[in-house]
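These are the residues of each chain, in order.
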Amino acid sequence: GESVGLHLPTLSVQEGDNSIINCAYSNSASDYFIWYKQESGKGPQFIIDIRSNMDKRQGQRVTVLLNKTVKHLSLQIAATQPGDSAVYFCAEGGGSYIPTFGRGTSLIVHP
Amino acid sequence: NAGVTQTPKFQVLKTGQSMTLQCAQDMNHEYMSWYRQDPGMGLRLIHYSVGAGITDQGEVPNGYNVSRSTTEDFPLRLLSAAPSQTSVYFCASSWDGSYEQYFGPGTRLTVT
Chain A
1177 GESVGLHLPT LSVQEGDNSI INCAYSNSAS DYFIWYKQES GKGPQFIIDI RSNMDKRQGQ
1237 RVTVLLNKTV KHLSLQIAAT QPGDSAVYFC AEGGGSYIPT FGRGTSLIVH P
Chain B
2 NAGVTQTPKF QVLKTGQSMT LQCAQDMNHE YMSWYRQDPG MGLRLIHYSV GAGITDQGEV
62 PNGYNVSRST TEDFPLRLLS AAPSQTSVYF CASSWDGSYE QYFGPGTRLT VT
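In order, the protein sequences belong to chains A and B. Under this note's numbering, the residue at position 45 of the first sequence is numbered 1221, and the numbers go up by one with no gaps. Under this note's numbering, the residue at position 58 of the second sequence is numbered 59, and the numbers go up by one with no gaps.
Honestly, the hints are just simulated from the structure, not real lab data. Among these hints, one or two may not hold up.
Okay, derived cross-link-like pairs now, SDA-like style, lysine to any residue, Cα gap no bigger than 20 Å in a straight line [what the hints assert, rightly or not]:
1) A:K1218 <-> B:P9
2) A:K1247 <-> A:D1207
3) A:K1218 <-> B:D27
Since the structure is predicted, the reported quantities are computational estimates derived from the model, not experimental observations.
Could you put together the complete structure from these sequences and hints?
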């Protein structure tokens, strides 16, 4: 099947910097894109989603950007904090409300 | 609310043994899913359910069975454990019409 993947497996940033986590997707039929955060030893936690008819959505300290032309999704985290250190997964959905997950990228925040 | 609970947290099985991973949710969610997560990998869907009495296969269903007799519970059965089933298993639940899944803490399974 078609897959969801990430450009970078690991991203290291300094506390206070902005972080950008990228994701490439290949299924142009997907109508939702979702970001999850997984802290070490825990289950994933929903962060934010965006519908395919939108190109930007903001949450608390996070912004998701969707570029359907190049099939690219990004998660921006403002003023990154040590508590943001985790693995971030992008996922996509095509109407079943059961998302398909990508491989994940590890965000390391240095104090 | 307890959210999504999973038992056991850890389990070691010998090849050929069977067992059931338990999952329960108290949020009255219609949808429940089982995923496995292998090192450095994302989550792969094993089976899912959109309501009591309704189940369907995901990406990697072989070697696993599920049933959904109640809204709250969604057990995953390993029929004859194999080393390839060594993984961390996550159960999740969600409302119909939402991609916001609530995950349990996971079960770490080792098959020797």
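Original post:
Would the pair K1218 (chain A) and D27 (chain B) pass a check requiring their Cα atoms to be no farther apart than 20 Å?
Top reply: 19 Å, holds
Original post:
Are the Cα atoms of K1218 (chain A) and P9 (chain B) separated by 20 Å or less?
Top reply: 14 Å, holds
Subject >> 20 Å Cα cutoff - pair K1247 (chain A), D1207 (chain A) >> reply: 12 Å, holds
Violated hints are absent here; each numbered hint is respected by the structure.
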